[in-house]
Amino acid sequence: KAGVTQTPRYLIKTRGQQVTLSCSPISGHRSVSWYQQTPGQGLQFLFEYFSETQRNKGNFPGRFSGRQFSNSRSEMNVSTLELGDSALYLCASSLPGQGAYEQYFGPGTRLTVT
Amino acid sequence: LAKTTQPISMDSYEGQEVNITCSHNNIATNDYITWYQQFPSQGPRFIIQGYKTKVTNEVASLFIPADRKSSTLSLPRVSLSDTAVYYCLVGANTGFQKLVFGTGTRLLVSP
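Sequence lines, in order, name chains A and B.
Just remember that this note's numbering sits 21 ahead of the position in the first sequence, which is counted from 1.
Just remember that this note's numbering sits 391 ahead of the position in the second sequence, which is counted from 1.
Please keep in mind that the hints were generated in silico from the structure rather than gathered at the bench.
Positions of the beta carbon are idealized from the N, C-alpha and C atoms, including for glycine.
Check the hints yourself; a few may be wrong.
For the chain A half of the interface with chain B, some residues (derived, Cβ under 7 Å), not all of them [claimed, not checked]: (1) Ala-23; (2) Glu-103; (3) Gly-105.
So these bits of chain B aren't anywhere near chain A, every CB distance computed over 10 Å [said to hold, decoys possible]: (4) Ser-400; (5) Gly-406; (6) Glu-449; (7) Gly-482.
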């Protein structure tokens, strides 16, 4: 079974631009979560989607948004990029009932904002 | 969510057994203990999860004492490829999938 895939793997953007990242969960997984990882703040939870609905949200500004499609694929968008948004963005999926703490992560998208 | 404390770093040599201990004094009755492994520039990988006593899989063992205020991840006969950051997480298996990662333990395995 294919793992979680994320596209693109690397991205360079300029301050003020916006960016959209994509995540395809493992087949059959309906929950998708997004995380941001930086050297300074570590791994931080952004939001989680299940059945196209956002169920949980981390402490990030409104510039960070996401959505989930009927096929469970998810996208996250960051508008008006700031230098501090440079990070590894990780997507994770899991089966409902599998256990909230058993998630499968993708390889991440490395975003660099210049 | 229960707060966890783990060593910042550990060093080992190939072939040795490595034990990483995590303290979680405020663990709740419904909380599970889960460990993840992360290599540089990759997403974390689920290693093992347990509630009490001992759990073993093909990768590691997890030892949890009766009071559940701590847990120990045991990696048998480590190799260079086990060099990674190991995270201990504690929380209930609810419908929400929010993981709270601490700083983790950076394990360096040398030849």
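Hint check results:
1. Ala-23: Since the shortest Cβ distance to chain B is 14 Å, the answer is violated.
2. Glu-103: violated (22 Å)
3. Gly-105: At 19 Å from the nearest chain B Cβ, Gly-105(A) fails the 7 Å test, so the hint is violated.
4. Ser-400: holds (15 Å)
5. Gly-406: holds (29 Å)
6. Glu-449: holds (16 Å)
7. Gly-482: Violated, since 6 Å does not exceed 10 Å.
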